[in-house]
Structure formats: structure tokens, C-alpha cells
Amino acid sequence: MLLCKNVIVNGRRTSMRLDRETWISLADICAREGLTLHEICSRIDVVKGKAGLSSSTRLFVLTYFRNLLKRYEEDKAREKASVADVDMVLESVRT
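Residues in the sequence shown are numbered consecutively from 132, following our numbering.
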């Protein structure tokens, strides 16, 4: 089910229809980044080109969390690598 909310985008009032989960995800991003809903939507509006604001916002949310997951996975891989490095060094010290 789509929910309609009013937002101020670059000084003008408009409405966006997004599903509940996208609204929740957008609120999570705002909290993480210290931005208001209006600020984030304004930034999306500036870069979206001819695409619609709602579809650009959905793409933004998806891309944001995919990038966050990628960084998380890279951090986990580095943690595993450092443990492996320690084990390898300890093996060379073992008598």
C-alpha cells in the first residue's frame, strides 16, 4: 500500500507516494545522516534529472543501503584477514 506524504523540496511543497517500508527506510537514513526528510528529498531532486521524485527516492534508498552493506562486508573481510594474518605470524613463531 502506498502512503502519500507532503514534503518541501527546494522550497516548494509537493507530495510523494511511497510504500511504508521506503518511508521507514528514508527516516532511518535521515537519522543516520543528521538530515531532515525535506533536506534529503531536496538533494535527490537536484540530481534526479527528468526522473520522477518518488522513483528517484526509491532508487536512492536502495542504493544507500546496498552501499552500506558493501562497506560492512568489506570491514568484515578486513577483520577476518587480520585474524588470519595474526594466526600466520603466530604459526611462524611457534617452536
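Some hints here could point you the wrong way.
DSS-like cross-link-like pairs, simulated, lysine-lysine; straight-line CA separation at most 30 Å [stated by the list, open to error]:
#	residue 1	residue 2
1	K211	K201
2	K207	K136
3	K179	K201
4	K211	K181
5	K201	K181
Computed spacing ranges between beta-carbons, pair by pair [to be verified]:
#	residue 1	residue 2	range
6	D159	S186	39 to 49 Å
7	L199	R144	26 to 36 Å
8	L134	R174	44 to 54 Å
9	D176	S213	38 to 48 Å
10	G142	G165	16 to 26 Å
11	L193	K136	10 to 20 Å
12	K207	G142	39 to 49 Å
13	L166	K207	19 to 29 Å
14	E222	V177	51 to 61 Å
15	S146	R174	17 to 27 Å
16	K207	D176	33 to 43 Å
17	R209	R144	27 to 37 Å
Worth flagging that the hints you see were computed from the coordinates, not collected in a lab. The model shown is predicted, which means the values in this text are computed figures rather than measured ones. Even glycine gets a Cβ: it sits at the ideal position worked out from N, Cα and C.
So, going through the hints one by one against the coordinates:
no.: 1; hint: K211 to K201; result: holds (15 Å)
no.: 2; hint: K207 to K136; result: violated (38 Å)
no.: 3; hint: K179 to K201; result: holds (23 Å)
no.: 4; hint: K211 to K181; result: violated (44 Å)
no.: 5; hint: K201 to K181; result: holds (28 Å)
no.: 6; hint: D159 to S186: 39 to 49 Å; result: violated (19 Å)
no.: 7; hint: L199 to R144: 26 to 36 Å; result: holds (30 Å)
no.: 8; hint: L134 to R174: 44 to 54 Å; result: violated (21 Å)
no.: 9; hint: D176 to S213: 38 to 48 Å; result: holds (42 Å)
no.: 10; hint: G142 to G165: 16 to 26 Å; result: holds (21 Å)
no.: 11; hint: L193 to K136: 10 to 20 Å; result: holds (19 Å)
no.: 12; hint: K207 to G142: 39 to 49 Å; result: holds (42 Å)
no.: 13; hint: L166 to K207: 19 to 29 Å; result: holds (27 Å)
no.: 14; hint: E222 to V177: 51 to 61 Å; result: holds (54 Å)
no.: 15; hint: S146 to R174: 17 to 27 Å; result: holds (18 Å)
no.: 16; hint: K207 to D176: 33 to 43 Å; result: holds (35 Å)
no.: 17; hint: R209 to R144: 27 to 37 Å; result: violated (45 Å)
Hint check: violations occur at hints 2, 4, 6, 8, 17; the rest are consistent with the structure.
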